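**Q** Here the structure of chain A is known, so what remains is to put chain B in place on it, guided by the hints.
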Amino acid sequence: MRARLLLTSTLVLGLGLGLTGWVLDRSFTASVVAGAQEQLKLLIYSLLGAAEEDGPRLRFPSAPLEPRLQQPGSGLYATVTDVSGTVIWQSRSLRLADTSTNGFTEALADGLIVPGSFQFRQIDDQFEMFYRVIWETEGDQTFTFRVIADQAPFRAAIESFRRELMLGLAAVVAALMGAQVLAIAWGLRPVAEMAARVEAVEEGSRERMGEDYPPELAGLARNIDRFIDHEVSSRERYRRAMDDLAHSLKTPLAVLRNALTAARFEDLKLLREQLDRMESTVAHQLSRAMAARPVVLAGRTAPANVAQRLVKALQTAYMTKNVTVELAIPAELLVRCDERDLMEMLGNLLENAFKYCTSQIAVAAESGATVRLTIDDDGLGVPVELRLQLLARGARGDTVEPGHGIGLAVVAELASSYGGALSIETSPLGGARVILELPGAPLAKSAAS
Amino acid sequence: MRVLVIEDDAGLRAQLIENLKAAGYAVDAAADGDEGVYFGREYDYDAAVIDLGLPKQDGISVIKALRGLGRSLPILILTARAHWQDKVAGLEAGADDYLTKPFHMEELQARLNALVRRAAGHASPVISVGPFVLDTARKQARIDDAPIELTAFEYRVLEYLVLNSTRVVSKTELTDHLYEQDFDRDSNVIEVFIGRLRRKLDPDGGLNPIRTVRGQGYRFSLDAPG
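If you read the protein sequences in the order shown, they are chains A and B.
If you read the first sequence in my numbering, its first letter stands for residue 1, the second for the next number, and so on.
If you read the second sequence in my numbering, its first letter stands for residue 450, the second for the next number, and so on.
Simulated from the structure, these hints should not be mistaken for lab results.
A couple of the hints might just be wrong.
[As the list claims (entries may be wrong)] In silico BS3-like links for lysine-lysine, alpha-carbon gap of 30 Å or less:
(1) K649/B <-> K470/B
(2) K513/B <-> K355/A
(3) K321/A <-> K513/B
(4) K470/B <-> K505/B
(5) K620/B <-> K588/B
(6) K588/B <-> K470/B
(7) K649/B <-> K355/A
(8) K620/B <-> K649/B
(9) K321/A <-> K470/B
(10) K312/A <-> K355/A
(11) K269/A <-> K649/B
(12) K355/A <-> K269/A
(13) K355/A <-> K588/B
(14) K620/B <-> K470/B
(15) K321/A <-> K355/A
(16) K312/A <-> K513/B
(17) K649/B <-> K588/B
(18) K470/B <-> K269/A
(19) K470/B <-> K513/B
(20) K312/A <-> K505/B
(21) K505/B <-> K321/A
[Unchecked claim] Stretches of chain A that chain B covers, calculated by requiring three or more beta carbons in the stretch to come under 8 Å of a beta carbon on chain B:
(22) 26-36
(23) 223-235
(24) 302-313
(25) 341-352
Just so you know, these numbers come straight off a predicted model, no measurement behind them.
Even glycine gets a Cβ: it sits at the ideal position worked out from N, Cα and C.
Same shape as in the complex, but just chain A (with noise of 0.2 Å):
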């Protein structure tokens, strides 16, 4: 968008200056040439007030009517020519140059020149003025005046006009473009400030646009904040879609269960272990419908906050076993992720070591940009060959042990929906040491927010 503005204006400008450029070259240029005209012009004059009769001939005096004239190769010359184009006269200047016939006599012929008016040309690298005059003696002669003036010191006043033109030009340029880029920088600046914010919603530091836009960008503003509602409340919408189907799912399938439980027919053994083949498909499916779409906007949790909660739910649920949790996250970590899948996550995850545990367990975080929550607990751990399997996306329902695997399958599931992973290795307390990697979220946005 700035690009856009800079180019256009950039080629407005430049189109402008440079025809006002154009004008004004132009312009001085005709001024130098009609100076030029009225140099020679009035120096016809002189040397027709100078000139003398001399029978057939005019006779100059040798008193020099122009320095110039006197001085050879001076730029600047005269000729007298009778009417049969016999040179009369000549300028001293003229004695080392040669210009003396140029397409004179052409024009001549040509019956360019017409007595008493004056005729102008420029030629190659000169100007040259012709006047034809008849003087009244006897025998009425006609005499050509014709001078002849060098172009380069005109040219030379004309470049140095361009050169300063040029200069001045491209200082105008200059002081526009820099004016045109701060103008544009300010009148962008809300917009800058919203794309900010709009990276800040997506990074979970702020939860909405805010009102606070120019009017052009207000609307704009609105409709974000109108899909970003949009987008929270069908997520929310669809989880409770998810919950509903769950809870009309596995409501039946728990009253068949315990109806089977009653029966005492061998054949029906089967259809138990078949009711809990649907029953981990179900519940496998649905977390991964939870788990599979990638999360745009993911709010920002702490997961020591979250983990500690766990625990305290969980020593309740497990308070025969004397567990020793052993947590060491710090308070002010955050990760990006919300609130409800962490729990999802370490809920699953703290519920595994509980139940493997012996009797302890540690929770520890590295912050970064990725942080990296580690599980640790003393129990018997998980065998090497079984660890990726219990990982692997997308493991059918009915291959994964109820309880066991479903829950990581699906925390790696949720991981891998913001971007991180989940990976088990041999925990130094002996058991199993799970790893749970999420984005992290950067402290200083919240300052910010």
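**A** Showing chain B alone in chain A's frame:
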């Protein structure tokens, strides 16, 4: 042991009642949150099984209401929504354990037994008092490793007395905790069961584990009478 079940699904509720009764519990059942809170306020239960997704008043607010009434009974929550948010909210509201639907009835019974035991201060399912051993998981009593033949109701009376052996249990309390709310109470029945229990536990009459505290009730104790 008397249990309150609050579950809105009629099918599951019926199964819960049936299974818990078979396991030796006296069961009252409510179909919505309001009814559940009413039962919880009116009667003294030994445990409650509460579904989180209830009509009128959800499980969380039922738990809060019961705790607000000063009820310290162990609470097991059932949830179809396997979300941790719900489990944590339930446990934070005052529940003691959770179970995700669908579940195995055996699992529910095991959890409930553990909760009731825990509430009485016993971590292990096997409680020993002198030569007497009460196996709450198998619903069995032994003396010097010899099983004592007890009927289901006799076992329930004994279990209640053993789990509450730190204090005197009145006849009314026994009736309240061993019978459902609409049962026709007759305290003589309790006296009959106590008499039978004494004969089975202590045929020689040397230990007298079930003491009568005059005017107050009974207490399970092996201490020298003082």
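**Q** Hint numbers the structure violates, sorted upward?
**A** The structure conflicts with hints 7, 11, 21, 22, 23, although it agrees with all the remaining ones.
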